[in-house]
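Colleague: Go ahead and model the full structure; you've got the sequences and the hints to work with.
Convert by adding 3 to the 1-based position in the sequence shown; the result is the number in my numbering.
Worth flagging that the hints you see were computed from the coordinates, not collected in a lab.
It is possible that some hints are incorrect.
Below, simulated SDA-like cross-link-like pairs (lysine to any residue); rule was C-alpha separation at most 25 Å, straight line [what the hints assert, rightly or not]:
no., residue 1, residue 2
1, Lys49, Leu67
2, Lys49, Asp121
3, Lys384, Pro400
4, Lys118, His72
5, Lys175, Leu185
6, Lys384, Ala442
7, Lys354, Ala381
8, Lys175, Leu161
9, Lys384, Arg320
10, Lys49, Gly172
11, Lys175, Ala381
12, Lys384, Val434
13, Lys49, Leu124
14, Lys354, His72
15, Lys175, Ser390
16, Lys354, Ser76
17, Lys354, Ala493
18, Lys175, His72
19, Lys182, Ile153
20, Lys182, Met196
21, Lys49, Asp173
22, Lys175, Lys384
23, Lys354, Ala230
24, Lys384, Thr319
From a predicted model like this one, the values you see are computed outputs, not experimental measurements.
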Amino acid sequence: MSSPAQSAAQSVVQSVDWLAIAPPTLTAVVGLVVLVADLFIGDNRKALLGWISVAGLAASGLLLLPLIHGERSTFCLTGSTDVCSYTADRFTLVIQFLVLGGALLAALLSVTALKDADRGLPEGEYWFLLLSSAAGAALLPASRDLATLIVALEVASLPAFALVGIRHGDRKSSEAALKFFLSSVTATAVGLMGISFVYASTGTLYLTEIADRIQHVDPQLHTLAQAGVVLSLIGFAFKTAAVPFHFWVPDTYVGAPLPIAAYLSVVGKAVGFSGLILVTVVAFPSYADVWGPALAALAALTMTVGNVGALRQRTTRAYSAVRLLAWSSVGQAGYLLVPIAAAAYSDDARKSIGSTVAYALMYAAVNLGAFAVAALVARTKPLNRVSDYRGLYATRPLAALVLGFFLLCLAGLPPGIIGLFAKVTVFSAAVDAGLGWLAVIMAVNVVIALFYYLQWTALLFGTPEGAEAHHRAPAPLTAAIALTAVLGIALSGAPQLVLRFADTGLF
Numbered sequence: 004m005s006s007p008a009q010s011a012a013q014s015v016v017q018s019v020d021w022l023a024i025a026p027p028t029l030t031a032v033v034g035l036v037v038l039v040a041d042l043f044i045g046d047n048r049k050a051l052l053g054w055i056s057v058a059g060l061a062a063s064g065l066l067l068l069p070l071i072h073g074e075r076s077t078f079c080l081t082g083s084t085d086v087c088s089y090t091a092d093r094f095t096l097v098i099q100f101l102v103l104g105g106a107l108l109a110a111l112l113s114v115t116a117l118k119d120a121d122r123g124l125p126e127g128e129y130w131f132l133l134l135s136s137a138a139g140a141a142l143l144p145a146s147r148d149l150a151t152l153i154v155a156l157e158v159a160s161l162p163a164f165a166l167v168g169i170r171h172g173d174r175k176s177s178e179a180a181l182k183f184f185l186s187s188v189t190a191t192a193v194g195l196m197g198i199s200f201v202y203a204s205t206g207t208l209y210l211t212e213i214a215d216r217i218q219h220v221d222p223q224l225h226t227l228a229q230a231g232v233v234l235s236l237i238g239f240a241f242k243t244a245a246v247p248f249h250f251w252v253p254d255t256y257v258g259a260p261l262p263i264a265a266y267l268s269v270v271g272k273a274v275g276f277s278g279l280i281l282v283t284v285v286a287f288p289s290y291a292d293v294w295g296p297a298l299a300a301l302a303a304l305t306m307t308v309g310n311v312g313a314l315r316q317r318t319t320r321a322y323s324a325v326r327l328l329a330w331s332s333v334g335q336a337g338y339l340l341v342p343i344a345a346a347a348y349s350d351d352a353r354k355s356i357g358s359t360v361a362y363a364l365m366y367a368a369v370n371l372g373a374f375a376v377a378a379l380v381a382r383t384k385p386l387n388r389v390s391d392y393r394g395l396y397a398t399r400p401l402a403a404l405v406l407g408f409f410l411l412c413l414a415g416l417p418p419g420i421i422g423l424f425a426k427v428t429v430f431s432a433a434v435d436a437g438l439g440w441l442a443v444i445m446a447v448n449v450v451i452a453l454f455y456y457l458q459w460t461a462l463l464f465g466t467p468e469g470a471e472a473h474h475r476a477p478a479p480l481t482a483a484i485a486l487t488a489v490l491g492i493a494l495s496g497a498p499q500l501v502l503r504f505a506d507t508g509l510f
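Modeller: In structure tokens, the structure reads:
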């Protein structure tokens with residue numbers, strides 16, 4: 004007969020579904036392997052660490068395939084198999100695909116960037132930090148309790164600070180890292196305070212239990228619960244770079260190594276938006292009257308400020324190409340917020356969230372592609388001004404055509420059908436939810452964005468300023484550009500595949 008102590012121990016022992024947690028776990032393990040291997044590999048063989056990291060991210064992505072059919076959960080409450088800390092459902096898999104795919108493309112860009120830096124960047128630490136951040140980002144969409152959500156968020160964010168400021172002795176890089184760090188720490192502090200208020204008023208950290216209990220809190224704790232909801236939203240709004248919490252974005256993107264700017268623009272946003280979706284739609288559906296109008300206002304403000312900021316960039320200013328992409332990413336964040344806000348008013352919240360995920364998939368592919376071409380141009384023109392792209396078609400016709408295609412996708416113009424399709428999907432989500440005013444603001448912002456996207460596209464086919472020596476593009480950089488171009492063109496041919504793939508099983 005077992006003793007009471009043994010019975011108590013058995014009651015807290017949880018079985019672990021290793022297949023469900025395999026993608027983020029493998030990414031983290033490869034990161035540790037790279038860090039240890041760095042101690043034993045000579046300087047002339049450091050490039051091997053990059054290829055190990057690329058292979059690890061590719062393998063982690065392949066581990067999503069066995070999870071496609073059916074939902075798997077682990078780290079569940081004993082006796083309550085439906086209350087779990089980790090769930091690998093359709094929503095989780097789609098976001099993990101986006102995160103791991105984005106990290107893989109950033110890794111391909113990094114292989115070239117580290118080689119060009121000629122040991123100016125510490126390779127072992129660089130790859131360890133990138134893989135650690137990717138592991139946290141892959142864990143976050145599977146998190147189904149607030150503690151795991153915050154831990155995943157910080158595991159994704161903390162290595163990113165170091166990656167932004169990893170160039171030793173670079174004042175611009177250090178300043179960017181400091182701004183990123185201060186804004187993120189503020190967001191975490193505000194978010195943690197909100198989560199503590201929610202826990203104090205509901206007595207649980209599990210999202211599904213919070214959704215039920217927060218409707219029946221003690222009247223004396225009602226104000227505390229409301230404050231918790233609002234502060235939690237503010238914390239995640241920082242992470243999504245929503246206005247007015249966006250001030251760190253342009254300087255951070257300019258100061259960071261270009262592959263890290265690309266990584267933050269896509270994976271960083273995926274982290275923020277998946278967390279925002281989980282806390283609003285899953286944990287706080289009964290407070291839709293609070294977060295719905297707040298997110299709608301944030302969406303309108305974010306897309307407007309982002310697009311106006313991009314419009315004001317001078318083409319001859321140093322790093323104006325990266326700054327334009329940074330402000331553009333703020334504007335795109337506004338579009339991504341629209342369907343989440345619409346979910347508060349819609350009878351079919353699942354469809355609204357699917358619109359956000361579909362837009363995020365489109366944005367990830369084409370924005371990473373734009374950064375990849377920017378990285379190619381920066382190899383010969385390190386100031387990376389928009390004016391440096393004048394006449395790119397004359398020297399690199401394929402790169403110019405691909406960048407033009409990516410910019411038209413971001414603008415929502417043919418032949419970038421996938422961009423047009425994604426914008427129409429988001430627009431219809433707003434209209435269906437009765438947010439006509441928000442749809443009008445979105446339409447105005449799309450017109451504003453057309454100006455700077457088309458201006459950049461036109462420069463690509465202008466007359467070049469003087470002759471330029473032709474340098475062969477490195478294979479990893481070429482592979483990154485080719486992958487994003489193939490993905491963008493394929494999805495433009497069959498845009499309905501994105502919406503079908505993004506149909507989440509979150510509800």
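Colleague: Enumerate the violated hints, using their earlier numbering and listing them in ascending order.
Modeller: 1, 4, 6, 7, 12, 18 and 23
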